[in-house]
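Each chain, written out:
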Amino acid sequence: MSNVDIEIFKRALQREKIARKQAEKILEDKSKELYLLTQELKKTNQKLEDLVGKKESTLQGVFDNLVDAYVLIDVSGNVLEMNHAAKKLFGYDITKEKLNVIKLVYKEDYQYAIQSFQQLVTKGSFSGYKSRVYTKNNGVRNVHINASLIKNKKGKPIGAQGIITDITEKLEQTRIFEEQKQQLSTIVDNSSLGIALTQSGKIVQTNKALQNLLEYPQEELLQKEIKDISLKNEYAVSENHMEKMNAGLIDNFSINKQYVKKNNSTFWAKTNVAAVRNPDGSIKYQVALIEDITEQLESEKQKEKLLEDLERTNQDLKDYAHIVSHDLKSPLRSIYALVNWIKEDYSSAFDKIGLNHLAMIEKTLEKMETLINDILSYSSVNNKEELQSSKIDLNTLVDDLKNIVLIPENTIVSTKKKLPVINGDSTRIQQLFQNLIGNAVIYMDKENGVVEIDYEDKKTHYQFSIKDNGIGIKKEYHEKIFKMFESVGDNENSSGIGLAIVKKIVTLYEGDIWLDSTPGIGTTFYFTLKK
Amino acid sequence: MSLNFLLIDDDEIERLKFARVLQKNNYPHKIIEAKNGEEALDILAQKEQQPDLIFLDLNMPKMNGLEFLKELKSNTDLRYIPVIILSTSNNHQDLKEAYKTGAAGYIVKPLKYEDYIHKIKCLIEYWSVNELFKV
Numbered sequence: 001m002s003n004v005d006i007e008i009f010k011r012a013l014q015r016e017k018i019a020r021k022q023a024e025k026i027l028e029d030k031s032k033e034l035y036l037l038t039q040e041l042k043k044t045n046q047k048l049e050d051l052v053g054k055k056e057s058t059l060q061g062v063f064d065n066l067v068d069a070y071v072l073i074d075v076s077g078n079v080l081e082m083n084h085a086a087k088k089l090f091g092y093d094i095t096k097e098k099l100n101v102i103k104l105v106y107k108e109d110y111q112y113a114i115q116s117f118q119q120l121v122t123k124g125s126f127s128g129y130k131s132r133v134y135t136k137n138n139g140v141r142n143v144h145i146n147a148s149l150i151k152n153k154k155g156k157p158i159g160a161q162g163i164i165t166d167i168t169e170k171l172e173q174t175r176i177f178e179e180q181k182q183q184l185s186t187i188v189d190n191s192s193l194g195i196a197l198t199q200s201g202k203i204v205q206t207n208k209a210l211q212n213l214l215e216y217p218q219e220e221l222l223q224k225e226i227k228d229i230s231l232k233n234e235y236a237v238s239e240n241h242m243e244k245m246n247a248g249l250i251d252n253f254s255i256n257k258q259y260v261k262k263n264n265s266t267f268w269a270k271t272n273v274a275a276v277r278n279p280d281g282s283i284k285y286q287v288a289l290i291e292d293i294t295e296q297l298e299s300e301k302q303k304e305k306l307l308e309d310l311e312r313t314n315q316d317l318k319d320y321a322h323i324v325s326h327d328l329k330s331p332l333r334s335i336y337a338l339v340n341w342i343k344e345d346y347s348s349a350f351d352k353i354g355l356n357h358l359a360m361i362e363k364t365l366e367k368m369e370t371l372i373n374d375i376l377s378y379s380s381v382n383n384k385e386e387l388q389s390s391k392i393d394l395n396t397l398v399d400d401l402k403n404i405v406l407i408p409e410n411t412i413v414s415t416k417k418k419l420p421v422i423n424g425d426s427t428r429i430q431q432l433f434q435n436l437i438g439n440a441v442i443y444m445d446k447e448n449g450v451v452e453i454d455y456e457d458k459k460t461h462y463q464f465s466i467k468d469n470g471i472g473i474k475k476e477y478h479e480k481i482f483k484m485f486e487s488v489g490d491n492e493n494s495s496g497i498g499l500a501i502v503k504k505i506v507t508l509y510e511g512d513i514w515l516d517s518t519p520g521i522g523t524t525f526y527f528t529l530k531k
Numbered sequence: 001m002s003l004n005f006l007l008i009d010d011d012e013i014e015r016l017k018f019a020r021v022l023q024k025n026n027y028p029h030k031i032i033e034a035k036n037g038e039e040a041l042d043i044l045a046q047k048e049q050q051p052d053l054i055f056l057d058l059n060m061p062k063m064n065g066l067e068f069l070k071e072l073k074s075n076t077d078l079r080y081i082p083v084i085i086l087s088t089s090n091n092h093q094d095l096k097e098a099y100k101t102g103a104a105g106y107i108v109k110p111l112k113y114e115d116y117i118h119k120i121k122c123l124i125e126y127w128s129v130n131e132l133f134k135v
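For the protein sequence lines, the chains are A and B, in the order given. Quick note: the first sequence uses UniProt numbering, first residue 1, plus one each step. Quick note: the second sequence uses UniProt numbering, first residue 1, plus one each step.
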């Protein structure tokens with residue numbers, strides 16, 4: 001080889017060396033670069049992994065804390081995942097036992113479940129599925145399910161996921177609400193009261209009774225305002241009340257007013273209006289209850305008239321009794337005087353029998369006088385309004401009576417215990433005791449007469465008793481003796497009105513009177529007086 | 001002292017009774033009689049000599065006792081004459097009305113004639129010792 005050749009070779013070798021060095025350098029640089037890049041990528045990767053991890057745990061949290069139940073199944077229906085809510089709802093724990101969704105389907109809803117599953121497979125999802133499901137402890141819940149299919153990259157279904165909402169309570173509440181609504185509308189519809197719901201005077205709802213009362217169909221009523229079915233001159237009063245209600249001064253009011261029917265005739269109705277308020281106090285609705293009182297008013301009018309008539313008749317009777325008794329009394333006095341003058345002026349002309357006859361005329365006149373007085377006092381014991389009321393010490397009253405009623409020496413009138421002080425009309429109460437004590441004394445046939453007055457406190461009433469050991473009254477007369485002119489005794493001064501007066505007074509004081517008696521042994525009269 | 005009485009009663013026997021009490025007891029008083037309120041007012045209007053006392057029944061036809069009493073009390077000349085009611089009524093309302101209108105007394109006519117004599121005697125003796133006001 002020539003030197004030239006060698007030189008050339010050497011240079012070539014040199015160039016090659018340089019080139020390889022350069023290449024090595026490049027490679028080295030590239031490797032370094034690659035290494036750095038790799039390191040960089042590794043870091044990024046780690047970051048990404050961290051991020052994914054974070055996201056996953058966040059998702060897990062969301063998933064676990066989801067209020068609604070979440071269930072993930074495979075294509076055969078085996079449950080793969082359940083969140084807390086699902087575990088709670090169904091009662092199963094899939095970490096402990098296997099579960100297939102078929103087990104959860106309510107028997108009667110099976111067909112529907114299959115259809116929905118079909119839809120899930122063909123369309124990829126379903127929503128608004130509502131049915132019943134079984135829980136582990138054989139409970140039944142109503143649920144709402146939205147589900148979707150999960151596919152792999154090749155589009156092949158590998159499972160499904162569903163969100164299940166427990167709507168049992170909601171359904172129950174709805175049912176109760178519906179039921180109450182139903183009940184309420186039954187009441188409203190069947191009420192004999194007309195009912196209207198109004199909003200600032202406008203009718204927004206009515207019931208059958210009101211439609212019947214006003215003779216309008218519902219549709220026409222809903223076009224109207226309360227003003228349209230009221231009388232113009234009366235509406236001002238309602239309006240006034242309404243204003244007060246709007247101002248929050250009152251929550252309800254009641255008025256009697258007239259309503260105008262479709263045929264323009266009117267009727268009277270009692271109207272109760274109540275406010276239904278918004279939370280802020282403003283009025284949401286007014287509920288008006290309308291009661292037809294035409295008949296009631298009519299009967300009230302009749303009653304008033306009857307009462308008036310009765311009052312007048314009573315007054316007439318009283319006046320009549322008053323006048324008649326005085327008109328009857330005057331001639332008695334005249335006859336009495338005339339008999340006396342005959343006795344005074346012509347006594348010598350009469351024999352014993354004649355004088356006796358004159359005495360008998362006088363006796364008869366006295367009896368007649370008693371009768372008239374009793375009728376007079378019976379007729380004046382009339383109504384409660386005329387009763388005076390004052391405190392009466394019955395002990396004093398009985399003591400006074402012992403002087404007024406002629407008590408024979410062999411008869412003792414006594415009180416068993418201290419009598420109460422009562423409120424009443426002293427004239428009437430005295431009359432009451434006087435007549436009963438008087439009777440006990442008059443019809444006394446025993447050697448030692450005993451008349452004993454006693455009482456018992458019966459809360460609302462006092463019950464008095466007047467017991468004697470006189471002739472007694474047969475059972476068959478116990479009712480009769482309280483009637484007018486029904487004297488059963490043969491006492492010549494008896495008018496047969498005394499006990500009728502007693503009965504009338506007792507009745508005035510809302511009491512009762514009755515007796516226990518054994519003929520020959522004695523009688524006890526009982527009577528009550530309202531306190 | 002002799003007094004002039006005006007007795008107003010529609011019942012003849014009542015008037016006889018009153019007169020007989022005066023006569024039997026030798027009272028020196030004079031009686032003028034009227035059958036009802038209207039007649040009594042006529043007598044009062046005509047007479048120069050006015051009665052010292054008036055005895056008045058309540059139940060009478062035409063003008064009754066209370067109507068007469070009201071009339072009398074509204075007359076300035078006659079209102080001072082004492083009026084004593086003689087009536088069979090012991091009705092509370094009648095009594096009240098009589099005193100309210102200005103009656104000076106109220107006698108309930110008793111049934112027995114002897115009781116009547118007693119009451120009238122007391123009455124006359126009481127009024128005999130009274131000072132009477134003359135217009």
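Among these hints, one or two may not hold up.
[Unchecked claim] Have a look at the derived ranges for each label pair, beta carbon to beta carbon:
| no. | chain 1 | residue 1 | chain 2 | residue 2 | range |
| --- | --- | --- | --- | --- | --- |
| 1 | B | ILE43 | A | LEU338 | 50 to 60 angstroms |
| 2 | A | ASP319 | B | ASP42 | 37 to 47 angstroms |
| 3 | B | LYS112 | A | LYS301 | 49 to 59 angstroms |
| 4 | A | THR524 | B | VAL129 | 46 to 56 angstroms |
Hints were generated in silico from the structure; no laboratory data involved. From the three backbone atoms N, C-alpha and C, an ideal C-beta is built for every residue, glycine too.
Status of the hints after comparison with the structure:
1. Our hint of 50 to 60 angstroms for ILE43 of chain B and LEU338 of chain A is violated, since their Cβ atoms are close to 27 angstroms apart.
2. Distance hint check: the CB atoms of ASP319 of chain A and ASP42 of chain B are about 29 angstroms apart, inconsistent with the given range 37 to 47 angstroms.
3. Checked against the hint of 49 to 59 angstroms, the pair LYS112 of chain B and LYS301 of chain A passes, with Cβ atoms roughly 53 angstroms apart.
4. At about 54 angstroms, the beta-carbon gap between THR524 of chain A and VAL129 of chain B stays in the expected band of 46 to 56 angstroms.
In summary, the structure is inconsistent with hints 1, 2 from the numbered list given earlier, while agreeing with the others.
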